[in-house]
Every structure is written in structure tokens, then in C-alpha cells.
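As you go down the protein sequences, you meet chains A and B in turn. For the first sequence, the working numbering gives the first residue as 1, with consecutive numbering after it. For the second sequence, the working numbering gives the first residue as 1001, with consecutive numbering after it.
If you're looking for bench data, these hints aren't it; they were derived computationally from the structure. One or more hints might be untrue.
[To be verified] Result set (BS3-like, lysine-lysine): computed pairs, CA atoms no more than 30 Å apart in a straight line:
| id | chain 1 | residue 1 | chain 2 | residue 2 |
| --- | --- | --- | --- | --- |
| 1 | B | Lys1140 | B | Lys1315 |
| 2 | A | Lys54 | B | Lys1328 |
| 3 | B | Lys1080 | B | Lys1051 |
| 4 | A | Lys54 | B | Lys1300 |
| 5 | A | Lys463 | B | Lys1366 |
| 6 | B | Lys1264 | B | Lys1244 |
| 7 | B | Lys1140 | B | Lys1357 |
| 8 | B | Lys1328 | B | Lys1080 |
| 9 | B | Lys1140 | B | Lys1318 |
| 10 | B | Lys1174 | A | Lys463 |
| 11 | B | Lys1076 | B | Lys1354 |
| 12 | B | Lys1076 | B | Lys1169 |
| 13 | B | Lys1354 | B | Lys1201 |
| 14 | B | Lys1044 | B | Lys1201 |
| 15 | B | Lys1364 | B | Lys1169 |
| 16 | B | Lys1244 | A | Lys54 |
| 17 | A | Lys54 | B | Lys1318 |
| 18 | B | Lys1354 | B | Lys1140 |
| 19 | B | Lys1051 | A | Lys54 |
| 20 | B | Lys1169 | B | Lys1328 |
| 21 | B | Lys1364 | B | Lys1135 |
| 22 | B | Lys1174 | B | Lys1044 |
| 23 | B | Lys1201 | A | Lys54 |
| 24 | B | Lys1318 | B | Lys1051 |
| 25 | B | Lys1201 | A | Lys463 |
[Claimed, not checked] Stretch-level coverage of chain B by chain A, calculated; a stretch enters the list once three of its residues show a Cβ under 8 Å from a Cβ in chain A:
| id | region |
| --- | --- |
| 26 | 1247–1256 |
| 27 | 1321–1330 |
Cβ atoms here follow ideal geometry from the backbone N, Cα and C, with glycine treated the same way.
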Amino acid sequence: MAEAFLAGLTAVFTYPTFPLLLIGILAGFVVGILPGVGGVTTLALMLPFTFDMKPVEAFAFLLGMLAVTSTTGDITSILFGIPGESISAATIIDGHPMAKNGEAGRALGAALMSSLVGAIIGAGVLAISIPIITPIVLAFKSPEFFALALVGVTFVAALSGTNKLKGIVVAGLGLLLSVVGLDSQTGVPRYTLGMVEFWEGLSLVPVTVGLFAIPEVVDLWIKGTSIAEKKIGKIGGVMQGVKDTFVYLGITVRCSLIGTIIGIIPGLGTGVSQWVAYGHAVQSAADKSRFGNGDVRGVLGPGAANNSGIGGSLIPTLGFGIPGSVSTAILLGAFLIQGIVPGPSMLTENLGLTFSFVWMIVISNVITVVLSFMFLNQLVKITYVKGALLLPAILLLVFLGSYADSNSMLDMFMTIVFGLLGLTMVYLGWPRPPLILGLVLGTLIERNFLISYELHGLGLFLKPIVVGTFILGFGSLMVSSYRRRTAKSESGRVSQSA
Amino acid sequence: MAVLDYVRANRKLTHVCCRSIVILLLLLPYIQLSDVRAQGFNEKAVADFYKGKTVTLTVGFDPGGGYDIAARIVAKHLGKHIPGNPNIIVSNRPGGGSLVAANLVYTTLAQDGTQVVDFHPQMLLQQAQGREGIKFDGLKYHWLASLNAGSTSCAVHVETGVNHLDQIKGSGGKVVTMGVEAPGSGITDGTAVIRAALGLKFRMIYGYNGQRPIVNAVLSREVDGICSSWDSFTSTLKNLFEPKQLVRMLVINEPEVPKHPWLKDAVAAQAAAPDDTTRRLLRVVDGPRAISYPFAVGPKVPRDRVLALQEGFEKMLKDQTFISDYEKTGRSYEPKNWKEVTEVVNDLLTMDDKTKKALEEALKRKEAP
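Please model the entire structure based on the sequences and the hints provided.
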């Protein structure tokens, strides 16, 4: 085993594997920064280039690219409030306010370092868990997916800021929007306005970009200032963000594990885990007052989770050919091209290759973080450029990103529609994240509930994992509520004694 | 009067003459068409048109799936087989299970031979059923080729104890749960028609989001089985059989069972079908699978360019470098040229009322057996 572990490392550094890994990293770096052009799309575009490569070369190229897209995707989320990847949308909530507060460097440092920690934890879990993971993955069926998604909705409380009722209403709107498209049971179009384009539901990219980026653009335009509204000295720097990762190591590690576990379970994916991780970061904090206004813990949580998911989603893909996400489904295609059948052979004749995946994820993240740190101080300076000069470039990124998702003008229109909705919500003080959570989880809840009900009737609520998940979700809500009350009463006592 | 007298006297001969004239008139357009095909096309004019131009392959799905990868391989090889050697690029227009792309190329994009569509042929079956949202006519599309063919095959988990189709037939037959998508997909329609045609005790569990989630459900024993393309079983779903056999193939929608070790206990659906209508129904439902990864251009594309593209595709289908690249995807290579694809499409879209009614009946959602 140890020999294979080292052989995997050696294989990564051989020629031409390592140069291919570097090319992949470079492509992933650029793609991660460009909104809309996602890691999944690029992975698909690059797949035909791997036809003539050896397995280790092909995967170095592809994994190098995939492993860094979520890391660099956080950069535009923080700097401009535009998610570079749909999986880095949750980073905006606290990352962009930090940039406005003059703490862009700190936010970027925290996002990058937590991404590295997340990637290492995800890769570590991948290294140790392949032999034992099969029964765990197979234990998750429709009722369990339904329960997980339903408990995920309870994170609305954490994503709602001070007004929980508004959060619940917005999440309800998200759930309502999730029913747009063909009904999964009957195939009948619902709320599609007679347009075939809506048959597969609302696309997440224009919704997210519109909801989060457009209000920021308008805000920048009206204020006429730079993104950063104030300058902070050293504390706003990159190294502070790096230190924060270790000051709040508990949050980083727990959110990495959340990302890994959700990544392992096929069908959930990083789109969900980033929000769950953010929700956990908020719920587990005693003082929640700064969340939404630039709390570094709100950057560490999703930053760690969106990177650890890659290692997690590779586990069922390698273990028994079940891809945990869309990107690993494409990687599965690469396996077929290379003539490799995922399964037990990945632990016997292909063990060296399996371990090389672990090393590829770790090494590409280390390289990306080191490279990013070299440029971060320059990137931070963007936040001090006058808004009028930045706006054309930001608008280009916003609409290019929306269009590139499915080459459709309709998506650009949808960005404007959701941009207006986002603006209204900001103006009226309504939280936006619960809408995304409702939209992402709504489809999972409905689909899995209907399948479960068809198979088990109401007995679906008696399944052990379902009961356990509900208890865990309810318990977590209670603990969070208890902590908040204790914090309130303590602060009341302090003010009374003062 | 003399003519009328002659007609009355030679009624039989007159009938034969009249019929011949009508048949000749009906055949005239085809005679002209075959004449043009025999003459070929104006290669210089076509080359002048395509030189320096870009031909777009509009794929109806997101990047990364089978349709997208097939189109990217075609894009790599097709240009050299078309006069003028145009650049070929791929553009993804996902939506509506590829209906967006099929409608777009038919109704909106340029009809000059620079826009080729690659959409799911299941849309043709939906056209035949008159489903909403379809703005194209498959009979009018100019078909260029298809790359793959498959037949619906059904497998159940070995732990169900079902080894043969007879165990899930008739009043005493065992009920097996089959995971399917929403109505209208190839998996769902294929499962429903095989169930109806052979009287199988399939309890269909609707709502899964594609083939992979159903396979996961089979592996986790949430459902008992899945019907999918035989080609999928031998490529992307190989891990269901190797290194350990996890499922057993029960039926394949073919006139006879192909020789393959995984099919040794399987039944050929078309051979087991009780009558001709049922056999026709089985053929119709798998029509789309017979022309997987098809390519077509809009109905108003000039004939010269259609012929050039058809010939280009035909040459590419025989190009060893193309075949080698395609086979690396793990999919079996069973190409059809434009004539064969057109035949399948015509067969599918001109089904008789009896078959149409049988199809409607088979696809109706039924209570669990």
C-alpha cells in the first residue's frame, strides 16, 4: 500500500505528466475566474485531447484543471460579487462585503487557504476510504436523499440574517421556482410559459449571477466609488486570511468534511454543500452578528467545502463507477476512453493510479494557492480602482458568463430579470441566499419524495437513516437556537451589570 | 364516339394504361431526385461556398455527454471530407431534452448548409405522438448520418432471483420494480412498450433523473431493474457485469438474440411478440435508438450542399482515423448513412393508425400489477 502511495506521487512528477498537470492547472485557473464557463464545460471540451494520452497523463491534465476551478472561482465572488463558478456562489455572502470593507486580501487569503485545506482533507478521505465506502454509498436511496435535502432547508434559518420570517418566505419562493420545468412523474410542462427552454427548469447560473452580481453592479454605479469603500491596513492583508484559516480550523475542517460527505453521495453535489457549509459556519458560531456583512468564517466554510467535494465525489466513481457529480461523470467517460473499468481493480492493479489521483488533487491545489498568492496583492488593488472604470469589464463578465452557460440569449434576459429581483430584495432588506437554497433543494426534495412515496408510502419516514437525519437536523436547530438565546441573555446580563 | 367505344371494348387495357400514367406521375419527383444524385453535385460551387466558412454542429445537450463527445469527434474529422474544407465547431444548445436545438436549426438558424444539428432521435417519436413544443418535421429534415445503434434491453439485479422472462409473466408471475425517468424518455417509453408487448409484470417507478441514478437505484436495491440501450450496457454500464455479474439480462428488443455471453438467458422481444402489430410497435419504439447520434440539416438547405454533406459524412464514416477516435469513447460503432437514417425516420413517422393506437395504449400510465 505504502509503495503504491509513493508510486502515485512519483508518477505525477514524471514527464510529460507534470507539464500536462501544469497546463490543466493553467486552463482551470482561467476558467475558474471566468463566470459561466464552468469547470464541467471545460472538462468536456478537453476530453477529446486525452484520446492519445496514457491514463496517468490524461487524468493529470483533467484533474489538474478540475481541482483548481472552484479555488479560483472564489476570486471573482469576493472581488466583484460575481460567482466565477456556480459552486462558489456562497462565498459572495461574506466575501464580497469583506472586499467592500477593504478586506479583500484577507477574504482571498482565507478562501485560498481554506480551499487548500479542503482539498487536502477531501483527497485524504479519498485515499483511505475507497475500500470501505461502498456499503455507505449504497445505503443512500431516495428516502435518505429526501431527508437530507429536507434537513438542508433548515439552513434557511442560518442564511436569513436577522429576519427569519423573510428568509422562510424567500426560501418558499425558491422552492416554488424549483417546480418550473417538466414534471418528473408525468413529463407535463409546469410554469414554462409555453417555452421549451424552461423544460429542464431554471438554469442556476443566470439566477445566481443575476441575483448576486447585478445588485453589486448597480450599487457600484450609483455610489461611483471603488469596490472597497475603505482602506484597512495590515489586517486587510492576505496573510491575515491565511491565519484566520488556522484560527478557525474547527470550522474549516468541519466544512471540509461536509463537502466531502455530500460529494460522496451521488446526486447532491457541491451546489448543495457550499450552502450547507455556510449554514453550518453560521449556526456553529456563538456571535452571528457579522455574518452577511463580512465575517471571515462565512468565507472559510464554503471555500473549504467546494474544494473537498472533488475528492469526495471521486470515491464512488473510482470505487464502483457511480459518479458523484457531473464533473466525475465526465471523468468516468475518460476512464472508458482509457479502457479502465472502475471498481475493485482500482484497489489492485490500478492502485498506483488511484493514489496518483490523490496526489494530483493535492499538488494542483498547492501550486494554485502558491501562484495565486503571488498575484493576490495585485488582484486586491482592483478593488481600489474607480467603479466607472471597472463597470464595463464587470458587466462583460456578468453577461458573458450568463450567455456561456447554454449559449442562449434567454439566459441573459433571465440574468436581468433575477437582477431586478435581487435589487428589489436588497432594497427591501430581504435575504437572497435562501432563494438559491430553495431552488437547488426543491427539485431534490420533490423528486426523491415522490419516488420514495411510490415505493414505501409513509413508511419512508421510518427508515433508520431518515429518522437519524431528521433528529440530527432538528438537534442542530435546537443547539443553534439555545446558543443564540444564551448569547443574548449573557449580553443582557453584561449590559445590566454595566 | 369511336374512342369511347374503343375504351368500353378494351376496359382492362385502358385501366392498365391509366394506372401506369398515375404511377409514372407519382414517381416523377423521385426519378428527378435520383437523376440529380446520379449526376452528383457541383463540387466547385460547393467548395467555393464552404472555403473559409465555419460549419456549426449544434448539439442539443450540455458538454460532456455522449452526444457532445460524438459531435466533437465528428468536428475533428468532418472538415477534410467536405469540398472547401470548412472549419467545424461544436455549439451546445441544451434544453428540452435537445428539442431546443432541433427546433432552432429547423426554424431559426441559417439554412445555407453551415448549421448541422445533433439531437436526440427520441424527439421523432414524440413528433409521431403529436407532443407539444415540437416545431420541426423529421420527414423534412435532410438526414446526414448516425453513428450508433442500440436496442432496448432489460436487466434485473441477480438478487431478485429472476433468471428468465417467464418468471415475470402471467398471473402467477413475480412483480419487479423498474426505475424509469419521466414519460417521453427513451428509457421510459422502451420499458412501457416491452411491458405491454410481452405482458410483463413490471412495476414502473417514475421520476429518476437519467440512466445513472436508475443504475444507482438498482445497485442499492431500491428498484429491481432497468431497461436501457444494449449499447449502454456494453459500454458505460459495463461495471454491472464486470468483474462481478450484478444484473441478469432478461430481454432484448431484437428479432433474435445476438450472440453474447451476457445474453445467454435473454429472450428476443420481437420473436416473442404475439402478433405483427406488436412486433411493429416494438420496432417503432426502438426506431430512435437505431439512429443514435444522428446529424441533419434544415429543409431549405440548397440541394448541392446537402449532397456534399451527405457524401462528406459517408466518407468520414469509413475514415479509419475517425473510427479509431470514436471507438476510444467505449461506445460501439454502428453507423448509418443518410439513406438508412431517412428510412428509419420515414418508418417511424408514417406508422399506421393501429400501431399508433397500440403505442398510445402501451405508454399510458398504469396501476401497479
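Compare the distance between the alpha carbons of Lys1354 of chain B and Lys1201 of chain B with 30 Å, and conclude whether the hinted pair is satisfied.
24 Å, holds
Hinted pair Lys54 of chain A and Lys1300 of chain B, Cα distance within 30 Å:
Not OK: Lys54 of chain A and Lys1300 of chain B at ~45 Å, beyond 30 Å, violated.
Does the structure keep Lys1174 of chain B and Lys1044 of chain B at a Cα separation of 30 Å or less?
Violated, at roughly 65 Å.
Holds or violated: Lys1076 of chain B and Lys1169 of chain B, Cα atoms, limit 30 Å.
48 Å, violated
Lys1244 of chain B paired with Lys54 of chain A [C-alpha distance capped at 30 Å]:
26 Å, holds
Can you confirm whether the C-alpha distance between Lys1140 of chain B and Lys1315 of chain B stays at or below 30 Å?
Distance ~23 Å between Lys1140 of chain B and Lys1315 of chain B Cα, so the pair holds.
Measure nothing beyond the straight line between the CA atoms of Lys1044 of chain B and Lys1201 of chain B; if it is 30 Å or shorter, mark the hint as holding.
The given pair, whose Cα atoms are some 60 Å apart, is violated under the 30 Å limit.
Below or equal to 30 Å on CA atoms is what counts here, so check Lys54 of chain A against Lys1328 of chain B.
13 Å, holds
Just to be careful, I want the Cα atoms of Lys1264 of chain B and Lys1244 of chain B compared with a cutoff of 30 Å; is the pair within it?
16 Å, holds
Within 8 Å of chain A's CB atoms, at least three CB atoms from the region 1321–1330 of chain B: coverage verdict:
holds (count 4)
Holds or violated: Lys1354 of chain B to Lys1140 of chain B, with C-alpha atoms at most 30 Å apart:
24 Å, holds
For the pair supplied as a hint, Lys1140 of chain B and Lys1357 of chain B, is the alpha-carbon distance within the 30 Å limit?
24 Å, holds
Hint compliance for this structure: hints 4, 11, 12, 14, 19, 20, 22, 23, 26 are broken, all remaining hints hold.
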